[in-house]
Each structure stands twice: as C-alpha cells, then as structure tokens.
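Listed below, chain by chain, are the residues.
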Amino acid sequence: MAGVRRVLPRRLVGLASLRAAQCQTVGMRLRQTRSLNSFMLLPETSSKHIGCALKEITTAVLKQKIAEVSTLSMGTFPKQVKIVEVGPRDGLQNEKNVVPTPVKIKLIDMLSEAGLPVIEATSFVSPKWVPQMADHTEVLKGIQKFPGISYPVLTPNMKGFEAAVAAGAKEVSVFGAASELFSKKNINCSIEESFHRMGEVLQAAQAAGIPVRGYVSCVLGCPYEGKISPAKVAEVAKKLYSMGCYEISLGDTIGVGTPGLMKDMLSAVTREVPVAAVAVHCHDTYGQALANTLMALQMGVSVVDSSVAGLGGCPYAQGASGNLATEDLVYMLTGLGIHTGVNFQKLLEAGDFICQVLNRKNGSKVAQASCKL
Amino acid sequence: AFQESDHLPGLPEYVKIVEVGPRDGLQNETVIVPTDIKIEFINQLSQTGLSVIEVTSFVSSKWVPQMADHAEVMKGIHRYPGIRYPVLTPNLQGFHRAVAAGATEISVFGAASESFCKKNINCSIEESMGKFEDVIKSARQMNIPARGYVSCALGCPYEGSITPQKVTEVSKRLYSMGCYEISLGDTTGVGTPGSMKRMLERVMKEIPPAALAVHCHDTYGQALANILTALQGHSGLYYASGSRNSKGRRSSHFRLSDELTEAHLAISFP
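Protein sequence lines correspond, in order, to chains Z and X.
Numbering-wise, the first sequence is residues 1 to 373 according to full-length UniProt numbering.
Numbering-wise, the second sequence is residues 1 to 270 according to full-length UniProt numbering.
One or more hints might be untrue.
Claimed, not checked - Now the stretches of chain X that chain Z is said to cover, found in silico as 3 or more residues with beta-carbon under 8 angstroms:
#, stretch
1, 192–203
2, 212–220
3, 223–229
In case anyone wonders, no lab produced these hints; they're calculated from the structure.
Each residue gets a CB set at the ideal place from its N, CA and C atoms; glycine is no exception.
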C-alpha cells in the first residue's frame, strides 16, 4: 500500500491539474481499483466522451485524495469504515412510488458492483403494512449474490424470518426502539413485548447459524415523545446485544439529532456495548446527518449506514430528505483517507439510475454537483 | 423536536454567524431579485438576531448584474442598532461608492490560487493585494473596519489542491494590511474535515483564531461537517465575548447557518 502511495502523487499531480476539457480530448479515464481504494489513470484508445459528471466528481475526489495521500491520518478516526447500504430497503420503503421488482434487483446488483460490503436487500414484513416491500421473496431470489458481500433482510417476527430463510436469506435484522410510544405506533407493541418477538427470531437464527443485526430507532429523539435519554438507548442496545445481535445500528430516525446529542448517546451506549459492535444510521431531515456521522467516527464508531442518492423521505416530515447519502459519506471518508472499498463511479451510476426511474431529484449533493449528460 | 445538549467541551460557547445570503447567495442565483425584495429580505434577516449581514457588493454591474442595485439596497435597508452591514468593495472606486451610499464596514476578496484570481478578477494575487491595500488604507483613514476573504482555501477548480502554506501567506497579507477578520472560503466546496483541519492548523500559527472565520460551500454536502471540524479544538475561533446570544440563551446548540446556494438559515429556536 505504501509503495502504491509513493507512486500515485507523481503520476497524478500533473494530470489532476489538467482541465476537464483537456481530459476530454485525451480521453483519460479515471478508474478506482477497489481493493486498494487508490486511483489509477488509464488512457483510452478512443476519445469517447466521458460524462462530465464522472470527470468533475472523480477529479474533485482525486484532487482531494492527492492532498491526503502524503499526510498522516488524523489519528482520531478509524482506518476503515464498513458502509451498510440501506437504500434498497430503508430508502425505497420510504419513497412514494413503488418500484418494480426488476428495477430493485438491478439497483442491488449495481450496488454490489460498486463494492459496498453490506447491502440491505428488502424487508420480510406484511405487504399490508409496507406495500413497497411486497416483493421481498422475488427480490432476494433475483439478486446476484456477490462473494464477500452480505445481503441482510429485515425480519420483524418469526413469520418474516421463516419466509426470509425459505427465500435464501443468510443474514437478518431485527428492529427495536428507544421510545415506548414509537414502538407502540410503529410495531403495535411495547418495547418489552418487542424484545420477546425479537428473542424468538434471535433464537431461531442462532439455531440456523444466521447472524442477526439489531436496530434501535429514535436514539436522538422521537416524533411522539420528544427527548430520549441516552440511558434508555443504552438499555435497549445492551438488551439486543446480549440477546445475540452481532451489531447494533443506532438510528436517528427523524434526523433531529446534532453532534452534541450524538456524543452523549454514544458515550452511554459504548459503556454497555463494545464500540466495534456499534453502527450509526443518521437521517438528514434537518441536514445534520454528515456532521452527526463525523462525531460518531470521532467516538470510535466504524460502521455507518447510508442510502444511495439519499433515498427515502421521512414519514413524519412531509417533503423532508431521507437517509444520509452514501455518495456524500464516501466523499468525506475518502477525503479523510479512510478505506471503504467502494467504487465511487459505480456508486454514482447506481444512484443516477434509481433517481431516473423514480423520477426524483438525486438527494446526494455530490451527485447533484455533477452535470448530466 | 429541537433539543439542546449540554455544552460540548472543546467547542466555543458562542459563534458569530455572518449572514452572506443577500450578497454571496443572491449573487449566485440565476434569477435577479428586484431591489425592494432584497431590502425586505435583509430587513427580515435583521429581525432574526443575526449580528452581521453582508448586504451587497459594490462591483461593476457589468460583471455582477445581480448586484447592480447596490447603492439603492444599501440606502433602502433598515439599519438596526447593534447589527453590522458590511459590503464588498473590490477596488477604490467601489469603496468610494459604498461610503457615499452609507457603508460603515467593507470587505475585500483575495484568493489562495493564482489561476482563480486571474479568472475571477483578472489580475495576479500580487496585483490584487495592491488594489486591496489602497482600499484598506482608505478604509482605515475613515475608521471603517475591513474584513478579508480568502477564496479557494481548500481547493481550486483550476489548480486542484491548494497548500495550507499558500492560504496562510495570503491571509497573513490581508491581516497585516489591517483586515480585522479573515474569512477562509472553501469556494467550490471540495474540502473535507481532514483538509479543513490541516489548513486551519497552519493558518492559526500566524493569525489569532479570534480573527478567523470559515465560509463553507455545500457543493459536495460537506459544509456542516467541515464547520464542525473548524469549531472543534479551536474554541478560540469566534470567541467574541462569551456572552449569551441576543435571546439571552446560551448558544450551546449546534445548528449553524452554513453556506448554501439558497441562502438557507438555521438558528436557534424554541
């Protein structure tokens, strides 16, 4: 890795200062090699026009990377971050338009090509509650399962779990909440009752050798209860971890959190759950997602949930934005010299694809900054 | 559902927000906003408790038609006591016009990139410094405070990466000429927390943190994260007087206004 790093600046500095127009005529193609999270420039024999989106974005990232390459790490950040892509589930679940099955499958396949290590494929929940996920079985069966990539699915209860396993699921997720009212409104039972339900799934999953991820909603605030105490979040997280979840994803479900609240909450949780088993799942409803995620990284968290193109909305805030956009997250992590394994260009393509189908504006600022072909 | 957390250690107790919507914001909007609307907009901003609102730019209307009505706007706004209304003055001509229109604070715009400087104001960094020196000298003679901007502090659309050393050099020049504050701008929003930290660490070796500001663009969605980085561990930054804000409440929350193309504003509210 160090050898590659020494070579890169010499090759790339001159090229990075080329204007976009020059890049176009020479037909340079910027390609990222996944395994090293490094950049290589390869001349093409044809002078095919490359979308200025690709050039502008990857050039910007490249320039940033060059600035970073010769510097030491900041010391307070993890060396690598595992990104859990929730676009196909959390994202699409909250979109107004129901996406056809083949489109969902194509999206997930494109995300797999982009090198995301974990892609949450769908939710085995009743179509009565979540019609957007009615095709869960077909989606799980239809996607390509790339080696080295996990495709967890949501399983709120035993029925969902059994259906998921029958459809080939190798990893499942269960959902708790740090708020009693939210739990009642969302899954029609108290937090204690939800533990019981999740416990059944966990037991069955353990028997089948299937890893289980636990989610905790409303960790920084609840649309019904308002303030949520860090102690309550820690209690719920601890319970899920002790029941056998290998990882706990802490969700700022309505995006009301700010860095101070994130810090307080994580301080409480990491007293009970090892930080390596903690993930954050930030919504960008109030534009705070990336700043909150940055704070979490500074606290030692190295697993971040995000959604391609910032898919999803907020059922509690009409017109509000959704999850943290994966593209914007990768941009920041790359700038910090943190390894993600993600192919940025392919990620942008996946986001572009789904937004065209949904006929919606891309929620990622990075993607928006690109010009369209 | 907004909640305040306890004051985060390592962060300043008070942050001065410089509202640039009416100038930097509107300057970059495709629609030219009528004068009376600009005035109404600024008057509304004055009522929100913002302490500094950048009103307009005394630049030739040939270059920036959106700011052609600079004199009328300056004369037309309601000047609330305790609120400052700086204006951009790229040269002596603009400065004199600004003063004639009643300006009591001005700003000058430098760049940390030669190419950007050439493209933007058609001269080298060195030549621009000469122009600014004239403006700042005249301003000082009239007891008019001057704020200095440094563009491309975290990257340039033409040159790519910009060294913290260069940013420091340009900032230092402006500061020593007499600018009371230097606003470091990530003009194309390419910066990330790492480059922000490195740049600030270098600049703060030469310029006191209390005289520094950051001006982040959200082009790549990084603005708020970059601002958080700027505030962390630099509690000297923005530390005005440790006073409470105009509502008498501690500004321990974190929702700051960052630079968006739509002049979006986020302030404390109950």
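Open item on the list: To test your reading of the hints: which numbers does this structure violate?
Closed with: none
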